[in-house]
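Below are the chains, spelled out letter by letter.
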Amino acid sequence: MELADKLQARGRQTPLRRGLSVKGQRYLFIYSCLLLPLLFFASVRILPILYSFHVSFREWDLLSEVKPFVGLGNYAALLQDTIFLQSLRNTLIYVAVGVPGQLLAGLIVALLLHRIGRFKGLYRTVYFIPYVTSVVAAGWVFRWILMKNGIANGILLGLGLEPQLFLGSPSQAIYLVIAAMIWQGVGFQMLIFLTGLENIPRMYYDAASIDGAGSWRRFLHITLPLLNPVMVFSVVIGSIGFLQSFSEVLNMTGGGPLNSTVSLVLHIYNLAFKHFKMGEAAAATVVLFAMILALSLLQLKVLNKRADD
Amino acid sequence: MRRLTALSAAAAPRRAAASRSLTGAASYVLLTAGVLAMVFPFLWMVATSLKPPGEVFSLSLIPQQATLANYAELFRDSSFPKWISNSFIVALVTTASVIFFDTITGYVLAKFSFYGKQVIFVAILSTLMVPTEMLIIPWYLLSVKLGWVDTFAGLLFPGLISAFGIFLMKQFMESVPSELLDAARIDGMSEWGILFKIAVPLVRPALATLFILSFLGSWNAFIWPLIITQTEANFTIPVGTAFFSSELKDNSGWVMIMTGAAVSVLPLILLFFLFQKQIIRGISLTGLK
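Residue numbers (the UniProt record's numbering), protein chains in the order written: chain A, 1 to 309; chain B, 1 to 289.
This is chain B alone, in the form it adopts within the complex:
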């Protein structure tokens, strides 16, 4: 065994280097081809949004006379600004609620033992197996009864707590040393104080992950907002964009759709670059549990 390791240590780098330079170049070529396929739809979207009406159907990627007129029109003549603020409010409220409730629930499930704990945890997790579509009809019927159709309350209520987030927070809270919590108890700190002053600061990376995943999910949510909103002023961006397109049958409508799509994607890409590490970490954790 020792010989094997020694041998491999000597031979592997040389052989790997030789083959890597050859296959490495091929890898870069293939990956770059893939990148073009990944990026082209975005480029086409942005290019179209910058074209004046006469140029819309030209098949050139670069606009001959680039203009921001489409953006001006989008913000001036449509409900788009209202949709942006609706989306922001919904995403922020949902995310704040998810973070608060998922943190306290995850903490309690990770750090205390009490009667019924396992049943509660399994019951919460098992709701992840149920497709949202199955819940949507009861949610809608309930919203009709409560007068929540076409209101913020209706938009918000299904997303206020997330089972996945509870799972994520529980995993992270388990890594907080119990001795630290007990020491604070001896010092007379209240349970709420221990949770927010000691446990929460220690799981800050998990909070960032939860924040970003929750915000993205809410910002892009489509089927429920599509069902629960009815007046144009109450739409979120995805619903508005889809509606926009059905209203604008003429060809110039297409440009507005591309412009709207570009505006709705921009904050996401920005957010993605800012929180890349957390997003990737969150997704990897999802796959590795």
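Looking at chain A on its own, in the form it has when it is part of the complex:
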């Protein structure tokens, strides 16, 4: 109250703000700060979400003025679209192989880094550099390394092994794209795990050692359970990332060979911006949205429950 009185007194001294109470001035400030951001979020984030539902229920090419309502027609068309079904299957492979792969790679690097004393910062930096690199540049370098007469086959030949088709092979390409994505994301996962490891009190390990627990048991009973929240985060972030695979795929394989690497997002891109089927593409984005939402909620629930036990 006293503060408010003093402020009131001060407020009166400034002619510009004379008309407003302290409370009024404060609200003026709050809303002038929030005005543009709120407009931005409403028009660039929230309305577009609703608008994509709207588009997904209509037949929508760019040229014709009339956009007839087709109900669930676009969703039905997706179920008939073999490339869409293939892209869904591929996306499941991206997530099912990529997420555990990246998690394991990140965890192993973090555990090794946590153990060493010298050069820790240097190692951490090197593992992190691919993460800040542009996906396009990385994609084309991997394409160059893996081409028919590229260095990877050169090494295989040097070792007396059969050369491989790599990105030209429908059975190999998707796993190589996943490997490139793991290469790029391992630094992020490592950093998250490393922070998690550093937050586990040293005392727990010392106490367990005295009780005669070996290093494997200490890992199973101390490290893993205490890393659980970090893992929940990593799994969710990783899954969302792999569900949205696009840049790596477009730049390394363009979706080929024989659609073996087409991801859901690449198919959405092709539907919308190559074939201008905006309605069908919007319906596919709704499918992607539903998958991301369901997966995040499920993972949070399952993994959190295990942490409570």
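Please keep in mind that the hints were generated in silico from the structure rather than gathered at the bench. Check before you lean on any hint, since a few could be wrong.
[Stated by the list, open to error] Taking lysine-lysine pairs in the DSS-like style, the calculated list, with each CA pair at most 30 Å apart, reads:
| # | chain 1 | residue 1 | chain 2 | residue 2 |
| --- | --- | --- | --- | --- |
| 1 | B | K277 | B | K111 |
| 2 | B | K111 | A | K23 |
| 3 | B | K277 | A | K120 |
| 4 | B | K277 | B | K197 |
| 5 | B | K82 | A | K274 |
The hints should help you fit chain B onto chain A, whose structure is shown.
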């Protein structure tokens, strides 16, 4: 309990030291093997960019006759310099806008209580759950209507404010002591003065983090610039590099792609070394909230 601590204090270092020397060496070996895998693509990229046309397909890492001719060609005969300036403009404008708006929004959400605050905060954060792909089609249709296709306005508008940045700034602004702000109010400082002269200087590390994450994100952005730009002169570096490759079907094209990739990665690595602490801190914060 006290005995346990005392015991562990005595025994742990000795035992740890013994086992550490053995497993420590193994750790270094494994980590170094991993480092080679991390670094090799960069080495191969730079090596290729330094090779003269006749040597491109040699499988040696070290060029026999290293040359900068590819770099000269890249800057002389392609739109690459234009792409670099486009990328810089987009990244700088986006980052400046993100920093300004995310700072004021984070400050207000952290330091004031007002009607609807919680709803606003949750609404902003929940937009993070929505995949960008879902927004891209409406953004594109809107850009067509407004005539923003193939313009800077079209490139810029989706990234002008970041929900993650607002979250980050709010977290940091909460650590600014309210007493300090009230004292300034008593001294008659205006609300804007308090924000920029007192609160902002106190969260400088957060600003650095936001600057670097925003700049990196914008510099590497691919899908939206790919869709919204159409003429070669308006591309950003990632779009240009990808386009470059589709144009150059012959083998010498590959060298230009590697050279372009090397040039586009260089500023990032430089930036990374300069701001390493902030980047790592920003990422760690992301994981620990």
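Quiz prompt | Hints the structure fails to honour | solution = Hint check: nothing fails, all pass.
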